[in-house]
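Asks: As given, the protein sequences belong to chains A and B, one line each in that order.
Add 25 to the 1-based position in the first sequence for my numbering, that's all there is to it.
Add 82 to the 1-based position in the second sequence for my numbering, that's all there is to it.
Keep in mind the hints are simulated off the structure, nothing from the lab.
Treat the hints with care, since some could be wrong.
What follows is a set of in silico ranges between Cβ atoms, one per label pair, in the way DEER data are often shown [said to hold, decoys possible]: (1) B:Pro276 <-> A:Ala338: 47 to 55 Å; (2) A:Pro240 <-> B:Ala216: 28 to 36 Å; (3) B:Trp92 <-> A:Pro240: 35 to 43 Å.
Where a beta carbon is used, it is the ideal one built from N, C-alpha and C, also for glycine.
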Amino acid sequence: MGALVPLDRPLSTSNLVQPSRASIMRYARDAYDGAPVVAMLESRLSRFHQTSHCITLCSGFWALVLAIRLLARPGRPDLLMPSLTYRRMADVASWSGLHPRFCEVDPDSLACSPATMRAGFTSAVALLLAVHPIVGCCDAPGLVALSEELGCPLLFDSVESVFEHAGGKKVGSFGTECFSLHASKLLNGFEGGYVTTDDDALADRLRQQRDGAAPDGMDVRLEPLHAAMALAGLDELDDQLVRNQACYESYRSGVSTLSGIKVVPFPEGSPTSHKTIVVELTDDWPLSRDTTVMRLNEANILARAYYHPPLHARPMAYAHRAATLPVTDRLGLRFMLLPCGHHVSLDDVRTVIGALRALAG
Amino acid sequence: MMRRPPTLHWEAVEEMVDGILARRIYTNHGPLAQALEHAAADRHGARHAIAVTNPVIGLTMMLEAAGAPGTILVSALAPRRCLQAISCTGATPEFCDVDDLFHWRSRPTAAHGRPGGAILLAPEYDGSDAAFAASAAACGLVCIVDGTTLPRAHPALAILPGLRDGPSSACILADDDGFAARLRNIRSSYGAGPPVPVRRTANGRLSEVQAGLALLQSINPVRPCFDALPPQLNGRPNRRFGPAMAVIMDGAAEREAALAALLSEGHPAYRPSALPEGARSCRNAADFAARAILLKTATPTDSRPRSAFQAPAMAG
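Excised from the complex, chain A in its bound form:
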């Protein structure tokens, strides 16, 4: 198989959704004039997620850190999390004052599950950090039940599941959850993050921490123009969902004509964002995942390995719990993200399919 012809412009896996200029500028002008756009965004997001409170912050990273610090059970040193997840999640644990402890994921959902978290749980665990995968979501009701059974607090990282539903309920309404407004996410707020919760006392404490009023808090408020951008994105979310679904269906159709590769399906029968395209390379695919990614990248098709290397395999300069996770190790070599998002057209999808076909030989 020969080299792929490089494209004129890169095709990214980042969403980078851009609402209409008119909508962005309307909210930006409101922010400039001193309107409470951050409060407006918090109100709309709490309604969107069907929860009582939404507390915005400067980033999803620091949303996680502050939420973990407030929720973690005192006197216990560990934070239980999946290893096949966001590359900085172990750093989040360190900043929260806890040791990362890793668990497996379910091979079908690529998500931590009640079974995998139960298997990884010990009496040293201060908090269960359940991270929704890039496609679909965790068994949130099952994890809530597990948390109650174990008497261990639970926090969801729902960054990749903003529009998803679990057990008939919206993600964002299962206790306390963290989200991101980074430009690559479903809602592009340039940068930012937020926490949803139904816990009134926790919400008050989070706001005090976020506003820098508490001695151990930090002034990590959201920039008003970031809120303006996110509000515009909320207004036009339906349009984005339609585009995302068209992109997903185009990939499913095209990939189905190839051997050795399959699109990880979004769940049917419940609302979903179709935001990110993840494919699995099976044993019939002629190249390794990493070689495939490299060859695509050389052609300006900026495919990415799915959460690689997994966290338990990375060197860490702070205290952590070593883990042997054979399922994660195996899964970590098979999945990759393909270009999608606001700036990837259906023609671009066909181009990517053509490149994959060329690699398949």
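Given chain A, put chain B in place with the hints provided.
Replies: Chain B only, in chain A's frame:
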């Protein structure tokens, strides 16, 4: 009494946002963030400028890049963000008192120069000066500075303006290449520099919008100004205290009476924050907290003409 704050024109903000939308680069060390860093490095004569999303995360990153030693010397009058940054890194503050004039002039001793020890200076609050910083460094302490009023010898944090009363961003100024490289990697810089090992990353990125807001306003170290004290405070000892003017009354009771009068006249006066728990044995700092009235100042209008915002030229 107070001059008008600088004006950020809507047309300039609109033009800046339009540029971002046209380039479709929203964050991750884009052209505006790069332009801001170049401008800040130029203005302050620093070898490196690392823009960050807000001051407390900037200070946290600086302490982390310095090795986050177990104990960090800090004045009892340091602003809250200094203590929060120390707490965030997991270090322990060792509070030091100020002198009778409420300045941090007592020299750190060799006993403080424990291997890897650090000192966090906030000269606009604690009154530390260049000689004090030099003494600290001579004792083997790593000096981290909140503010830009000291000569450029130690890593320093410049606070940058945001939108109105919204949160500020910041820029870390450093001359040491290794320290700057660690900062960029701690911040999560997406190729801003070569990857170097750091203990942990901290996500301190600022967006293109934040960088644009800072560039549109002054990145010069314009000191807050104050034309005249209210008449009832004339002749009282006073000094700059962060963004405020601190006026020292004879005692706590007189302070409360004067504060009540000032507030009834509509002056933007307030008390200093209570000292943190570990600092309450610092007698002079406690005296300041009991006797000082703080008056909000205003940044003077930058009189230089501001040309229409120009998007930086894109490379390639």
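Asks: Please go over all the hints and tell whether each is borne out by the structure.
Replies: Going through the hints against the structure:
1. B:Pro276 <-> A:Ala338: 47 to 55 Å: 23 Å, violated
2. A:Pro240 <-> B:Ala216: 28 to 36 Å: 31 Å, holds
3. B:Trp92 <-> A:Pro240: 35 to 43 Å: Given range 35 to 43 Å: holds, Cβ gap about 38 Å.
The structure fails hint 1 only (numbered hints given earlier).
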